[in-house]
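Q: What follows is the residue order along each chain.
Protein chains: 2
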Amino acid sequence: MSRMPLEERREALVAATLAVVERDGIGGATTRAIVTEAGMPLGALHYAFASVDHLLAAAIDAVTDQERIVAEAPLATGTGADLTEVLAAGVEGYVSLLVERPARELAYLELMLHASRQRLDDGPGAGGYERSYDVLAGLLETAAATAGCVWTAPPRALARHAVAMLDGITTTWLADHDTEAAMAGARFLASALAAHATGRPTEED
Amino acid sequence: MSRMPLEERREALVAATLAVVERDGIGGATTRAIVTEAGMPLGALHYAFASVDHLLAAAIDAVTDQERIVAEAPLATGTGADLTEVLAAGVEGYVSLLVERPARELAYLELMLHASRQRLDDGPGAGGYERSYDVLAGLLETAAATAGCVWTAPPRALARHAVAMLDGITTTWLADHDTEAAMAGARFLASALAAHATGRPTEED
DNA sequence: CCTCAACTTGGACGGACGACCAAAAACCTG
DNA sequence: CAGGTTTTTGGTCGTCCGTCCAAGTTGAGG
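Protein sequences appear in the order of chains X and H.
Residue numbers are given in UniProt numbering: position 134 of the first sequence equals residue 134, and the series is strictly consecutive.
Residue numbers are given in UniProt numbering: position 105 of the second sequence equals residue 105, and the series is strictly consecutive.
Among the hints, a few may not be true.
To be verified - DEER-style ranges, computed between Cβ atoms: (1) 152(X) x 198(H): 39 to 47 Å; (2) 150(X) x 36(H): 28 to 36 Å; (3) 130(H) x 30(X): 31 to 39 Å; (4) 195(X) x 66(H): 32 to 40 Å.
Hint data in this document are derived by calculation from the structure and do not stem from the laboratory.
For glycine and all other residues, C-beta sits at the position ideal for the given N, C-alpha and C.
Make the full structure from the sequences, and use the hints.
A: Right, here's the structure in full:
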């Protein structure tokens, strides 16, 4: 293998690990499978990481650091945009992503649970979903602005609830592949969130 | 080992499997760990099941068949029971269960994801959460009756959303161990559900 | 008591695993 | 080019895995 900075090699191994977990599940994430995926010789893994567990941990960090919930470009700011519809469109966008590439979401959940098990008896553990909460809180603010509404509850708290429901929509869809029901769940979440915002401010004038 | 009917032996192995997964995760569910947990010799497993995968599948079926969401005894039917509070109490009861025995919920999720991965490319697969939906739908009916309300959406659909949110509350709590936030999620779910019922019928007279 | 089928048991086999390491190669400094 | 350090490589070790199987044990029917 060509010479390569250590950090870059680590990132390549992390990327290969994510690909392997997406394809074969966390049980298939073995040293040999990972280095094969990365096109590296066997010894490369233990030169960059102390053990596979360390690599797994780095892969989990990479997932949590990255912005899981990719925002669909906010809907065109139609003049009379309804908050519930704006939110529903966003969540339904996530469901479309899930249906299109379920193995990716499945891999994320497997990694999350793997990390959760190690933390079972320890302290709370380094913030797991924190980044998702931040991203989603930002989206909520944007959505409210688009619809001309104001949140009556802390967006950050609402974001946590939204992340939870998104996770649940994912696990249930993975179990039964019922896309229509998942979309209904998206609308349920949207209206539940909208209940914590003022209606159109114009109604209050 | 004492003589034992085949079916009873299968059930004992399934129970041992669930115990092992709860303690060591799905990765620790090996033939030897399972038979040791069950107090059986090594060969017993392959006499009762064709392979460990078949045993795993049986364990998953056992989980889905059993009523995951144990209903807290419905709140005393106070005269002026508020639907949101009745629901919140129930969901908070589940959160208490989760906090008290997180490894159990973690094991269930691991098994569910394991089954989901095998079904990724197949058809929808045998109903996974169906039983949970049924149980929860029944609880919703009971809660509405207690509070003297009527659902304005199909309880079965609401049950699915509730199961999803419960799953999400579980995964997020497992990630950050934030019990207070999980309780807030419980109340969020309760009020979101209550929004799909008529207020107290007395108000509509 | 004998027979036979059902059941039980633990050893054995081939394979895959994580980890380690000695040698080879590449690179940098003088 | 020579010497020394870092990086790369693939072979090897001990362990554990799932599965198989050939014996051993049990208990009911004749």
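Q: Is the distance from the Cβ of residue 130(H) to the Cβ of residue 30(X) consistent with 31 to 39 Å?
A: Cβ of residue 130(H) to Cβ of residue 30(X): about 35 Å, so the range 31 to 39 Å holds.
Q: CB of residue 195(X) to CB of residue 66(H), is that within 32 to 40 Å?
A: 34 Å, holds
Q: Is it true that residue 152(X) and residue 198(H) lie within 39 to 47 Å of each other by Cβ?
A: For residue 198(H) against residue 152(X), whose Cβ atoms are near 23 Å apart, the range 39 to 47 Å is violated.
Q: Range first: 28 to 36 Å. Now tell me if the beta carbons of residue 150(X) and residue 36(H) are that far apart.
A: 60 Å, violated
Hint compliance for this structure: hints 1 and 2 are not met, and every other hint is.
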